[in-house]
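Just so you know, the sequences run in chain order A and B. Residues 1 to 681 (full-length UniProt numbering) make up the first sequence, in order. Residues 1 to 846 (full-length UniProt numbering) make up the second sequence, in order.
What the hints contain is simulated information worked out from the structure, not anything from laboratory work. Certain hints may be false.
What the hints assert, rightly or not - To give a feel for the contact side, a few chain A residues facing chain B, derived at Cβ under 8 Å:
{"no.": "1", "residue": "425"}
{"no.": "2", "residue": "467"}
{"no.": "3", "residue": "468"}
{"no.": "4", "residue": "487"}
As the list claims (entries may be wrong) - With a cut-off of at most 25 Å between alpha-carbon atoms, the simulated SDA-like pairs for lysine to any residue come out as follows:
{"no.": "5", "chain 1": "A", "residue 1": "447", "chain 2": "A", "residue 2": "495"}
{"no.": "6", "chain 1": "B", "residue 1": "728", "chain 2": "A", "residue 2": "422"}
{"no.": "7", "chain 1": "B", "residue 1": "671", "chain 2": "A", "residue 2": "453"}
{"no.": "8", "chain 1": "B", "residue 1": "671", "chain 2": "A", "residue 2": "483"}
{"no.": "9", "chain 1": "B", "residue 1": "726", "chain 2": "A", "residue 2": "422"}
{"no.": "10", "chain 1": "B", "residue 1": "612", "chain 2": "B", "residue 2": "595"}
{"no.": "11", "chain 1": "B", "residue 1": "742", "chain 2": "A", "residue 2": "417"}
Ideal Cβ placement from N, Cα and C applies to all residues, glycine included.
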Amino acid sequence: MTTSVSTDEQSSSQQPESSLDVNILKEIGRKALVDALNSVNGAKTLVLDASLAGPLGLVTEVALLKHHGVDKMFWLEPGPLTSTTSNIVYLCRPMIKHVKVIADQIKRHTRESQQHTYTLLLVPRVSTLVTRVLEEEGVLGDVVISAFNLQFIPLADDVISLECDNAFKEIWVDGDETVIYDSAQALITLQKLYGAFPRIIGKGDHAARLAAMLDRQSPHANTPPPDASSPQIDSLILLDRRVDMVTPLLTQLTYEGLTDELLGIKNSHVELPASLVNPPAQSETSNAAPSTSPSTSTAPVSSLRKESKKKYHLSTSTDPLYAELRDLNFSAVGRKLNRVAHRLDEDYKARLQAKTVAQLRDFVGKLGGLQTEHQSLRLHTGLSELLVPLTRTEQFNKSLEIQQNLLASYNNSAQLSAIEDMIAEGADMQVILRLVCLASITAGGIKAKTLENLKREIMQAYGYNRLPLLLSLAAPPLAILLPNPLPASAPASSFPKYPFTSLRKSLRLLIDDNPEALEEVENDISFVYSGYAPISVRLVQCIAQKGGVLSNPAEKDKPEGGGKTKTTKVQAHPIVGWKGFEDVIASIPGETVDIINKVSRGNTGPPPMASLLAPRDQSTTTAVFFLGGCTYTEISALRWVARQNRGRKFLVATTGIVSGGSIIESIADSGRTVGSKDAGI
Amino acid sequence: MSAHPTTSWEAMQDGNVFYRRQQLYSIPGKLPNLGEYTVAACRHGGPLAMVRDTSKLVALGRTTPALNKTQIQIYSPAGEGLLLFSWDQGKIVRFGWTHDERLVILNEEGVYRLYDLQGDYQQHSLGSDAGELGIIDAQVHDNGLVALTGSLTLLEVKGWEGNRPLTLANPGLSEPPHAWTIIPPDLNVSRHVEVLLSVDTTIYSVDNLESIDQRLSRGPFTHLAASPNGKSLALLTYAGVLWVVSTDFQRSMAEYDTKTAPAGTEPVRQVAWCGNDAILVTWDTSALLVGPFGDTLQYFYSGPTFATTEPDGVRVVGPDTCDLIQKVPVSTVAVFRPGSAAPSAILYDAWESFVQRSPKADESIRSIRPELAAAVDECIDAAGHEWEPYWQRRLINAAKFGRGFLDLYNPTDFVNMGQTLKVLNAVRFYEVGIPLTYTQYMYASPDHLVARLTARNFHLLAHRISVFLHLKPDAVLRHWASAKIAHSRPSATGTGKDADLSGDDDVCKAIVDKFQQLGGPDVSYAEIAKRAWEVGRSGLATKLLDYEPKASDQVPLLLSMKEDKQALIKAVDSGDTDLVYHVLLHLYKRLPLGSFFRLIEDGGERLALASKLLQVYAREQNRDMLRDFYYSDDRRVESAVLSLDEAAKMADPPAKISAVKAAQKFFSEDKDRAFEAKMMDESAKLLAAQQQLEKDADGKIPFFGLSVNETIHTCLVNGMSKKADKIKTDFKVPDKRFWYLKLYALTSTRDFEGLEAFTKSKRSPIGYEPFVRHLIEKGFSKEAATYVPRCDSPKRADLYVECGEWRKAGEECKTRGDKAKLAELRSKAPNSLIERELGQIASSMR
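Same shape as in the complex, but just chain B (with noise of 0.2 Å):
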């Protein structure tokens, strides 16, 4: 039986609040010096990295490893080493955690490497500006980092996919600030990141707008210290006073004289937030903890200590032990409190007595019974705070025990919390190694455990505890098969029974059969044959690039493979013509010009999207190569018409000209077009007559480019009839469309003699009421009446009103003897004089 979960309490503000040291493994001997060393945590239980400290005597002893040379050790809370490297990039200025437990080491060229626990690095830099001036401090957070140049001006990279570094407003420095800090930008309001710089008295906050200035006057300050949810800011000023402001420098919150404690004169290590709500400040051989109304704990420690912020608490290493430093729940509090009335307390006290087989058992349920749905609750919360499985099974089956006298409850928060403490007991063991409170395993979610489970290779843990959890088991499956040909590359390349063993069929078919057989549906195969590809075994990826679904993997890999057509083809296949894009264009730029067609044109119907995209493309930006295309394939109608297109475009009328000829050449080269080369041929014909229409009329009349009616219409408007007539005859124009050009033509300019002449000319092939009708569009009602008699006599009466001409339309109907359309069009008279005249005309009828 461990001991009672009070015994680690501490109280603070009389008795109001307790905090807890609660010793998460003992680690005697197993990391070297702290004091000696540059230390980074990862959050939520991670590991610590740790780089000597140039900075720091050495006393040369038999244990000394190689001083000479940057050497980076990875230990886990419980003090097992998980990986060692050494660094033969520049001096490193930070290096720091991701979210996803990947080390950050920034140099001070500006070159930064992103390290994952199994040694492989990603590298990235901060452009070649940074690497001149040089970085001489920087910040990591979860999803990027802040550095600050030798120029004093502040660099943010968003992201770790190697984003362009983006810069912050110039906070004007002219040295460097005494401390710094930031607040990333999930945690801050405007979500974009804040840098807060201590100089001279003051603080600067800085994004990427601008930089103000805080205007205080207690500075300098020699630590800053953001809280977890981002909301307040401890202080420590020269003069050992430790201040505790919001981020918003509003509000002062708090305030505590670090003199006055016992290890007071000392140099202050660090000042680190326990939770967002208490403060520990460490000395090399004590940390007080110092809480939001200035009232102190004190813990000792046998050596330097490196404590690390948790959402809940502060995780302090220290050279025996490994602790975390919390607030006690709520509902820790609640149950275990001594003398503790809460509802929840007497059920445990309430199972208790249940298991000693007393009868106070049943008294104690009965007095809480309106409570008793929270009380359980409440245990089973506090199950999820409790470090010790015994503690947390009591705690458990003291709900089990509440949940029986109820008659409704959802068991949902209970199976759940079954399930979590399972998955937390099994990775809090010291041989994994991580430290992970429930509060933390909630915030950052199971996948994310599960990713840091793989990330140190426990493939099986992550498996069983993602079958467990019901997750998707493809990224442990993924993360596994990478390892698996990672690890079966040196056999595959050796000698004897092994080689066979592992040639590339059998792990494939070892990595198809595992994924078969656990994964879903899902598993993308891509990444891992990128894998296999990466480490130069691309039989291997080929086969297992088989077995991927979406295209959208495939084809970069393909692509990277050389396999140009399976490349082409899969990505036409997908649909996704961005992906067809990005083919073609990586092979346009790889391929000689002449197989980059033949690679297409090849493909026939199958690649047939991509020979159109390939021209759309080619159309807006890369006409040569479209010239080419279409010559190389023979296309002569589409080579046609990209050169009419470009005869579009131009202005010049011999380069015009010669383009349409250029069309007209190549329509003629194909025996089934015929006809548009004989368009084409009047097209040019038309152009050069149009030229000399030009010149004809000194250049003042625009016909150039203008279509054969248009043509005819300019002339007629301008009084070039003959040239007009000859057009017409040049062009075989037919009658009809002469005859209403002309109507048309002549209406504008008003020529109305010249019409009554032209009409007069021939029997009109359109009839005249067309005439009419024109020019009662165009508003000359008057001429147009003067056409109507000579329109088919039915239409001749409702002509005839159109025109206004009222009496007329009667006459016609009396000269027609038709008396029902002279009834209607009285009934239609817009005014009586009008109706009293065809009554007139109407009874002259009888």
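Next up, chain A with everything else stripped away, as it sits in the complex (with noise of 0.2 Å):
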């Protein structure tokens, strides 16, 4: 069976056919981003902004901007600036602190009479906030403001991501809606570049925003529709993160899941100790990491973090190991890079057997692709190396089993106990509150007095400064953190009760493991969490593989097909909506939306049998879009589903990658202190 799984997975990441090339987005913000430093004649001084830095690594790397007339790069910090150059290019986020800081600066400048030209980028528009800070300032007419239109960024060959880091929070906590008609607008630039989406199918209130809009504007933006009849995206899924709550909340079990976890992968970078990312000997791998890492004005960063931590591309397309190690459980990892050094062994002896000088030369041809395996395998066996024994630590354990509890409601009371204890640890807070949040919404509450003395143990342990962030997690819309019962005063209507339980039996949640079952196969997409199954992806099998929610599909084919699982593969049916799942969706708080494009209407009669006979061999993607975030368990699920099917590729879009602990985080800091963030970059 493990033979059969990676073979499949191999040959899922051999065969792009299919896949939509995500590329051209990179080319797409590439370019932009060549047009908008030209606009600007002559050398420049870029000042950007930090939290821009990692997408930007994505889209471009420091010799293009040197290409197009960057002279020198700082970052966007308070403090004053001192530049050589006449052009200074503002690069950032359109928000309040960072135009504070720009203003301040141009203020400096002028005191001192120092002339420079100064040019405003901002991304992803220009905003009229940003005018009006200007101007409160009175420095508007000093600048020049225009738009640096960055949108998705590819991750991977099917993920694409906005890289907003606190979509979530903005959205849920702070009510501000940007992110939404943003991601609007980038969801527009996908229909232009590969044809209006024939069918809109969503679940939650914002994701019901974000289809009024996408609906509202198509019309506007259709220019260029011609290829409507064939679209090469059949559906857009749009779900909004508050429609399953539950799954960041868990620890991700995947080997990239994990990483983010316990690590942290930001921008697809994770920083690792620079004796695991530089080869021994030779340093041509350095270009492995070509995040832009421009100099600050203060002091040599760079060099001085290069001795202990070195940032690294997780990617597959310079790492192939990583496609086949970062959607696999963790406890199959191991096997995996055994199985993989085993054959890098056997490669390598080849050499012994090369006779004659054609087989040597045949080897030696060979020798460069050996040579960047092994140093992937090294790195990846390096990095389980450092997360294993974070795995075995107690924390890591007790909390593990506390999910699992309170996923199948197993005396709720003794979990909340439980995790009173691991206050009484010393836990991190992030995995306390993640915990708490988790009981609140599987059990629908949690009993007012428990609630206020967990509360209590929360402040007394972390500080009565987190009073804010509890609030945050129990006001609506967000709503996670609620005593039951409700206080009277509080209407019902906008806390709406999670009906978990009945979802997990309907939407067949939690898999009964039996040990064997876990260790060898990945049997349903519950394998990424060892014995969940995301909500989320469960809603996304409700529209593109129903089959898939009431078994297994693979399963299914254990019995006739034995390891030969590849030819059973069953075409992936039409998008039909919600069908048949009405009563589960319907049961979930938040709206539901089912939009079937007029345009492609009008072109190909009826849709249901336009879409029950065009898949018939030919395959078409389905995009997920998750509004707030998506884990990266949720894109390895997401592939297992895919590959299930024949006929379905799925593009995960997202506003940026999220885990639990990055959502506590990002809650948990809108309160504090603004300006020394990502001081560490």
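Now that you have both chains on their own, put them together as the hints suggest.
Here it is as structure tokens:
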């Protein structure tokens, strides 16, 4: 069985024939940047918002910037800016704190009577707010403001992201819906590239807003819909994060997910000890980490950092082994690495068999590939060695156990006291809050008395200044930390109850994990959490793989096909909306969306017939957009779903990659000091 | 039948190249004497603007118009007067045309206006600095202008939206240049404008970065002209030598001494390019076309002329005619050149024979069979370059005839050419007066042509053309509607039957009907509504605006109409947060604070987004406003959180405590927030206690702002265990947590005796396993082992192993009689020594 899985994987990574070419998006981003830079003539100093460095690093490299006249680069930080060029280009997101820094620097220059030309490039678009703040600061007249429209950035062949770190918090805590609007714009760009979405299906209040925006705006923007009849994308599935808060709160257990949980992956880059990233002797893979690392005005941070940590770009194009590893449950990673090591060993041994000069030459030709693979193997072995001790800690295992029990609604009060014990032991606040919120969601609230006690414990252990954070978690529309019953004064309508227990049954969320099955075969999407299937991906299955919700497609093949699962793959069924799961969907709070695009209906007659006939042999792509971010496990699960059927690929689009930790951190940050963020980059 | 095309041809370069002078319009007496006027003509067959040249003497006569007022006259190339208005601003230094046929007039005070052909204008300025220095000259190109200030610096304006002028590099002139010109950005490699100044004997080329002296020695130059493609430059020296160089001054391309021309002794009026390879030099009554190899052709006029460079030729307006001088296009030469043996010529010949029913037709067609497709294409192309419909038709017919002999032929070009010629002939009609050539039409796009027609109020023609060419009709409709509104105004205010007829409803209905009938789904009503509002008809504007689907277009107008609530609702509905900010910030500025808040609060759910965005903005930029906002809406919780947020940023202890207390007060005012109020009470208490602790420690140990846990930990680490106990009781810290804190603190100070004493003081509420584990984790395995006996017996063996005490683990197994475990231990043993030891224990168990 194991071999079949791996071949499956390889084949899926080897045949990109039907998947969309998302690298166009990268090219678009790069071109937009080059155009924006070229609009300023001559050498320029680039001042960069640090939160944009990661996303930019995925689109371009420093050499390209230098090539287009960027002389020096600085971080956008409070304090004076010294520039030798007359042009200064600021590149940042339209946030007030950035604008204030810029205004301050400009005023300082004026005071010192330095002559500079200022250009402010805003990502992704020009904002009235910025203009207003500049006006209030009295420097509007000195700055030329234009936009650098950075939209979706491809993270992998099938994942594109807006890389907005705070999207979740902005939507559900601040109520700032800018991200939704930007997402709509980015999705419209996607439509321009790949044809209009014939159908938009979604769930969640904010997803509904997004769908409404898309529906309203598309007739205006559809100047080039010539190939609307044969769009490469058969539908767009919109899910807002609020629809499934359970999944991100759990600990991700895939290789990629666990790396994110324990080490943190930022913009596809993970910080690793330098000795691991650099090959022992040669330094040829130093280009594997091409992130834009401009020198800071204050200190040579980059050189300081090099000794201890180094950023590594997790990408399947430079690291083929990663493609095989990223989606595996962590328990299977060790075996996989072992097998690869054996294979490499055999390959190296081929050298000994080489007798003739021709054979030797043959081997030498392969040597480069082998060495790359060797280095990649070394890195991933080292990385999993870093992870293993972290998964052995008391805290980690305890929280996993509590998670599994809460999901099964097993002895809830015992779990709550276990959480309390963890607070006493001094566990990470982020871990505690995830567990408490999870308990609240799965049980439909926590008894008021217990909840107050927990909150008190949290505040005593982590500081009373966590009160705003706790209030944010409890306030609608987020409302993931609630007392049960609700206080009488709270309107029940703004605190809809999440029907977790009934979903557990109807969507088959928990899989009985008999140990052998779990060991050997990824028999359901639940492998990503060792026994729990992410609700969000189940919802996608409700649309795109209805059979998969009810039973395991992989298991069905077992009796007949044995090892040859590939041949028995069924053709993906056409998209017919939520059909068959209407009741389940209706029980989840939030609006339900199902819009069939009028344009395509006009062209191709009744849509069900057309879509029934069309995808017999050709393959289509279904775009899944996560508003508010998605986890690595969800991506892995969707890849798994795609592998079970012929003729359907998924394109995962998201506002950013999140984990429970990053969500909690972003909310916790909101009320805290603003200036010193990202000092470590 | 018109004269054969070749009659207007004249050969150059030994008969290899032909130039033709095509009379476009005959305009005797329609234009004033051009010699007395400064003229600017728009490219692509556009109109001419003229202002009397004040430096010229004028004979007073009966026809002389008022001289004391500056008047600007605009004529079409066919000599029809389009517009006449007087100029009441400062002295005009330069005027020119924009890409969309608007007249730019710049005065010496740095103010410029953009007039459309209806006489409506927009006014912009080059800024106060420029106004003070004064503007002495300027050059206008399609998408901007470059002005020369009184201090001899250069200012560039990009686009016509009133952008702030940019200062170009300072060429350091001491006196105004003898002559100058610019190369527009779109023709330049750098995509930035380049200015060429004739200074002394040389030329400076200036862009926004630097000024380069080209080190020429033949100057000064009286005329400079850049070719339409921006690659070559024509210079005329004082000595009358016409010299052509590439614009990078690397190659000298041609030279010609104009003094040798028949009119050479007179002053040269103009040097203008004819296409990209010939130059027309004009004098008062004659013009000389200089070819690339110094060949010349001479043309005579009865009076002063004005020449306009076109991309494919030069348009010359004289007293009697408007001519186009151009190189005869290749396809036309191929067809009509006497004795041409090109396939297209033979095809044309065959068609003529066919019309005359001569059998020669078949023979000719046969002879060019392989090249027939190319011949057909060439005939089609030649038709496009013919001015007379008669010849166009003949060429098209010839092409059609040839097409019949082809098995497969894509007729797209043929059909397109037919359509294009229909359109071109329509707009060339003298009443319309746009002498557009095929090349120019292709260059500037059909949309551009339609826009030009609407600007002249030829709505019906424009609409028919756009329908004919399958263009979107909305631009035409929009212009029509604006014109309609503008024209219906006088009667609306007037009396009588007309007033009722053109009331708001009727106009609105007329416009909407027309739009729905003719326009697609994309017509925008906002612009028209704006127009209606501008002319003071807000009722009509509101009505029209309801039809506008795009919020981003509705909102600004609603705002300027002071329909605040409506604007805010529309903005929120659109979901465009920037638009919401736009409205919010606008209203915040304009409305009194109270009514501003009320507007947002009254909106309830509908305006929730606006309320949230206002909070986001205010939290960063305007906290006082936010405080007022929360206060006015009785939002206790938010007020409290805001207060806490401020407390977090404060460093000063008393201020911080009072901020926390303020938050506590806010919470206590909300009966559902009793818990939070209590917590804040505790928080304030803790801060006070920490202040006291700091005092006790003589300020050496920072306590302020720590959490309860950290406070206890700090106390313990610093040997203030009494204080720690007090904190524990004051804040009711549970035993479990306290034990862990104590464990961690004592371990970190290596106070193992203290730890031992502590564990003996009382039975541990957390068991003893955590002690073992924590000590191991911190690397004190030996100490850890001492706690193992107090743990649950089944775990002891494993814990011992973790402490590295294999022997004790073995003994533990022995006491419990667990052989299996012992065997397991043996198999895991790290070295043979331990293995043997364990073996001994195992054997002793029997």
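Hints, one by one, checked against the model:
no.: 1; hint: 425; verdict: 6 Å, holds
no.: 2; hint: 467; verdict: 6 Å, holds
no.: 3; hint: 468; verdict: 5 Å, holds
no.: 4; hint: 487; verdict: 5 Å, holds
no.: 5; hint: A/447 x A/495; verdict: 16 Å, holds
no.: 6; hint: B/728 x A/422; verdict: 18 Å, holds
no.: 7; hint: B/671 x A/453; verdict: 19 Å, holds
no.: 8; hint: B/671 x A/483; verdict: 16 Å, holds
no.: 9; hint: B/726 x A/422; verdict: 24 Å, holds
no.: 10; hint: B/612 x B/595; verdict: 17 Å, holds
no.: 11; hint: B/742 x A/417; verdict: 21 Å, holds
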